[in-house]
Each structure stands twice: as C-alpha cells, then as structure tokens.
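Dock chain B against chain A, hints included.
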Amino acid sequence: MREIFETTIERLFADLATPAYVMGCEGGEWPAELWAALDESGFTLAGVSEALGGAEASWADMCVLVRAAGRFSVPAPLGEALLGNWLLSQAGLEGRAGSLSIAAHADMVLEDEHVYGTAFAVPWGRNVEAVVAIARDASGGANVVLLQRNAASELTLSLNVAGEPRDDLGFTSAQVLAHAPLPGGLDVHVLELGGAMLRTAQTAGALHALLDMTANYAGERKQFGKAIGSFQAIQQQLAVFAEQAAAAGIAAEAAFAESRSGLAALTIAAAKISTGEAASVGAGIAHSVHGAIGFTEEYPLHLLTRRLWAWRSEFGSASLWSQRLGAQICQGGSEGYWPLLTQHGQQPLTRPVSNPV
Amino acid sequence: MAISQFTYSNIPPEAEALRADVRAFINETLADYPPTLCAQSWMGFDATFSKKLGARGWVGMALPKAYGGAAAGPFARYVIIEELLAAGAPVSAHWIADRQSGPLINRFGTEQQKQHYLPAICRGESYFCIGMSEPNSGSDLASIKSTAAREGDSWVVNGQKVWTTNAHHSQYMIALVRTGEKQAARHEGMSQFIVDLSLPGITIRPIRDLAGGEHFNEVFFDNVRLPADALIGTEGKGWDQVTAELAFERSGPERFLSCMALLKTLIDTVGKTPNALQAREIGRLSAKLLTLRNMSLSVTAQLAAGEHPAWAASCVKDLGNAFEQEIPEVAQLLLETEPRQDGGSEHARVLAYLTQMAPSFSLRGGTREILRGIIARGLGLR
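Top line first, the protein sequences correspond to chains A and B. Residue numbers for the first sequence follow the numbering used here, beginning at 1 and rising by one. Residue numbers for the second sequence follow the numbering used here, beginning at 1 and rising by one.
Looking at chain A on its own, in the form it has when it is part of the complex (with noise of 0.2 Å):
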C-alpha cells in the first residue's frame, strides 16, 4: 500500500502544489481545487477501519502521506485529517469526508449531545468543515468529538510562520456531529501526541526538499570561477546539514512504524525532539548556502523553511518533549535505562502532573 500511496500523492502534489500555488494559499487562503483532489482521492480516510468506511491504513503506511505533504509544504490539513480521522475509527464512529481539522488543545465539556469550551490552535480552523477533539463529559470521562466548525460562536484567528491558519474556536451549546467515550489505551492528551508525530514526518520531508534544492544551488552557483558546492566549507556544511536531515527521516518513519492502536509516545517524544534539532540546524544552514536569494519572497526556499520554524513549536516543543521523557528516565534510574530506550515503542510515555521546575 505504502508505494502506490507514495507515488499517487506525490503525482498529486507535483501537479496542485505548486511553489505559486503554495504562496498563494499564505495567511487562510483555503486551498479548494488542492482539497477537493485529496477527497477525491480517498486519502483523508485512509487510516479509518474497512467497516467504517476507510482503507485501515497502517501508520507506518500514513507516513508517506504525511511526509510528501512536508516536502510539498502542502498549505492543507492533510495530516489533521488523517488523525482526526484514525481517532474517530478507533472510537468507533464513522469516518468524515470532506475538510476536517484537530484540536490537540482544548477546554471543552461535553453535555447531552452539546460542547461548551474552547478548542485552541485549530490547524485551518476558520477553514474546515469539521474539527475533531476530545471532551470531558459530567463524570469526567473523555469522549472523542465530532464538531461542525460553523456551530462554533467565537473564532479568534491567528497565523504561524509560515502564513497557515491555527485558529481558536469557541463553543457555546454546540450539537455536536457524533461523539464516542475515548477508547481503553488511549491517553487524554492523544491528539498532541499525534499531532506531534505528524508535525515530525511533515519536518522529515521539508528537510529532504531543502536538502535537494540546497545541494543542487551549491552546484550550480558559481563564484570565484567554480561551483560553491566544491569549496570544502560548503561541503562541510551541506554534510551536516544531510546528517540532521537523514536523522530527521528515520526518527520519524520510526514514530510512525511504532504506533498502531495505540501511539508509540516515547518514539514520537524522540522525533519530536530529533525533528526539531534537524529543522533549526537545516533552515540555518540552507539559508547560509543560499545567500541573499534565500531570503526574498519571490525565490521559494522560505515555503519550507518558515513551515520548519512553525512546525518544530507545535504540539510541544523540543525542550517540552525532552523534559517528559528525561523526568521518566530520572524516574527509572540507571538500571532501567538501557532496557527502556529497547522496548521499540511498547513504552508509554508518563505525563508528569507539572513539568519540572
């Protein structure tokens, strides 16, 4: 499934997303003629359960998906959808067609059928058609939510980085679409850690196409009579650069091919704070071979590398996800160190009640 998913998405994306297309979509513009082909396409359902209407697509085969939608700095939620999409499967409730976003932070209740609250940096949230988030319900519970985004009666927008919408939607007595207790095994906060894991795959292939458009100016650049790319200074640079970017593509194929009904929160913790080491050194060092055409509007370095300066703050920073999982190793010592860093995604990842100070 993984290569046909490959190659169609990224014929898809070599066609719609175009560097033009991309810049045209900054700062909310919805990207319809780019959304209506992956609906058409199936793909926004592809990790929801045969019998809920999907391909019961694995993670590991989702990755792909998420990753070229990274190397194509797709301005969609491509990847939300997906999750959105995998979570109301597991909660047993029908996959949703059409755009749809998450809501990986939100302060929501959830009474007789109706949400009050407020879900906080929806990706594409004055966009989509729907958002999926987690509410508590009277006796505590969390149930998994399918909410109208137009039921929503306070919108604040916002934008990141990279010009992509990550709006705060509030909820007043809003009936809610379909909604489903939260299934046994999966965490509360289960849609930052997904939310983390595609963020980790979208950096691993923006790192990758900044990696070939980088290699190849360095080769075609010339000053003081030859190619930039033979000066040894340069190499050494890119090398680095090639090192973070292949560290970044294993961490998060890693992530991915770990999680399965559960997600695998220590991998996803490593990638996050993998990625985002790769994202800052990546970005700097691409921006260094570039020279001053890197940093204008017109030439399209900046489409991926300000999604990478976005991409490494959300759902938890490097520092966030470090501090979990050190607080859990301290917690283990040095006699279980070893055997928890060999487990291969069968640890959870213990959320400490306050972070440390």
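Simulated from the structure, these hints should not be mistaken for lab results. Please read all numbers here as calculations on a predicted model, not as lab measurements. Please note that a few of the clues may not be correct.
Among chain A residues calculated to face chain B with C-beta under 8 Å, some are [claimed, not checked]:
id: 1; residue: D61
id: 2; residue: S319
id: 3; residue: Q323
Derived list of chain A stretches under chain B, where covered just means 3 residues or more per stretch with a C-beta under 8 Å from a C-beta of chain B [said to hold, decoys possible]:
id: 4; stretch: 9-17
id: 5; stretch: 207-221
id: 6; stretch: 332-343
For every residue, glycine included, the Cβ atom is placed at its ideal position computed from N, Cα and C.
Using the frame of chain A, we list chain B on its own:
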C-alpha cells in the same frame, strides 16, 4: 538521493530473542563491575571475559559454522554487541577480530587461512589489531610508505605503523602496506597481510595517552620475513579490501555508546526528581541516542541485504561521535560535580575519564572531516 538509504528497520524476532540471554550473562559475569571500568567500554581489555563470550558462541557469530561461527545474521551480532557496550563490558580483546578481521578473512581468505584463523577467533582466544596509520599517513591513508617485497617464497616487510590499538595485546596484525610502485591511481599497489606479531624484526612500543592509559602503539618492521600465505586477498587490491569493510566499521553501536557509563552515573547522581534543565538535557540526549540507534539499525539492515551503505555509515559515525562527545560537556554543566581523576564519587571519576577520552572518538576510525567529505560526495558535491 542518498538520504533515502535510511529506512526504518526492526530487529528480527530471532535476533531480539538473544537479548534476554546476553543480559542474564552480563548480570552474572559482571556483577559489581565498577562504573570506572565500564567507562572503558570497547577499550577495556579482559581476555578471560572474551573467552567466556567465545564459549557462549557470541564471538565471530556471523561467521560460518564450519569455522566455529554461528552463521547468524548481522542483527544477532548487533543485539549481542549493543548489550555488551551498553553494560560497559570489557570487549576490547576480541573486538577487532570479531568486527573486522574475522569477516575480512572469511571474505577474502583462502580455505587454509579460514581454517587456520577463524576457529580461534570464534573461541575468543585470537586477537587482532589493524595496521593502517603511519607517522606521515593519517587521514591521507593512501600515502603509506611501509612495504612488503617478494623474496622467493616470502614477503619481507619494512616500515612503521602508529596509533595501532591493542598491538601490544594481539597475536596478529592485519597490515596495509605497499607491494608495488605508486601508480598513477594512488589507491593501487597496496596489499593486506596477516602479520604474526611474534616474528623476529617486530618491535611494539605502547604510546601512553593523555589520561595515562596504554591502548595504542607504534610498531616497527625491520626486515620481517612473512610466509607467502600471509597475504590476505589479492595482491595490489588492499585499498579495495579496506574500504569494503568500512560500513561495518563505521555504523555500529560503538560509534555512539562510548559514554554510556557516564549517562548512567549522571542519571543516578541527578536522582529521581531532576530539575527542569536536568530533565531536559537527559531527555534530549536520550532522544538522540534513540535516533542514532534507529539509524545504525537501518545500516545493519542494508548490510544484511548485501548492500554497501558506506555513505549511510559515515552519517552514523559522524553524528554518533558528536553525540558521544557532547555527553561529558553536558554532564559537567548539569551538576556541580568536579571531575576527579582519583578520589571523589564514581560519577566524578567517570566524568574525568570520559572527558579526557572524548577527543579520540572523532579521530579513531576516520576523522570528522574525512567522513563529511564522503557525505558531501554522496550529495553530488565532489
């Protein structure tokens, strides 16, 4: 593009199944082994321990059964060595024979050579060193000047090797020397020999390192007469043979686990309630470790599939070495524990030792700059 070489690879269940056995063996054999000795990692020499491992079938295990091996795939060996390295077991005696010399003899040796050398390697009794660097040939290895000249049925070796790890503890050296005039192509005219280090004309002098340890040596050859069958592989093809093994040499867990002992004393000294900075740094380093391990396993999968991931192996070594070198730097910032050569806590002594060892991590087995040159070539820049 080159970075697509890295794909996630799980350890197969039959290899994973070895983990419990080797952990039990380590618990039993190395109970109360002190952190200061664990810190030596694959520089810790203990022939008795190597023979015990050999008796369990965990040395040369990738070699054919006919020569004492277990014909196990690269992943089985991976599980064994990562467990040993993570525990800080003293694996130095057999390390080079297990990682490099055994596979080299198995790949390029004659039937007679295999029968002669491999069974003793697998028993953990036969130790090898690698004679590559010379006083004027470090990163520029192709400029070596030591020679072997044919005289009748023998080869006569003259010259000098330096920085040869474990030459003073080993029975054999695999030496790269010139057997022909320097050709237009500078990588031609070199050959590899298995040199019995007890032969007349060989002088071995340990070189003390900055921490007072004796691991590497200078080795002099003064008209050393080798039998004809000391040649391993093809005359004149020594360079190709050396580079064929580089992916094995550069991608293993020894390229990022050298400071494992320090990570452990750090975690215990920080204790169960780390402050924000301590938690963040320990978590950050551990994430890097997990990612490096996934990269290393990916290269292992490529090796298992018969590929030649020299490029990917260079990435693992360079990133891994930077990681190993970062650990003492971070450790000394997280606690007000001054490093102690003698006295002080275990953590203080491990910190002192590994702070001093760290510079060697990115020198041994190919320098940072050489590795990055290889990586740049893979990007099409050279």
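Hint numbers the structure violates, sorted upward? 1, 4
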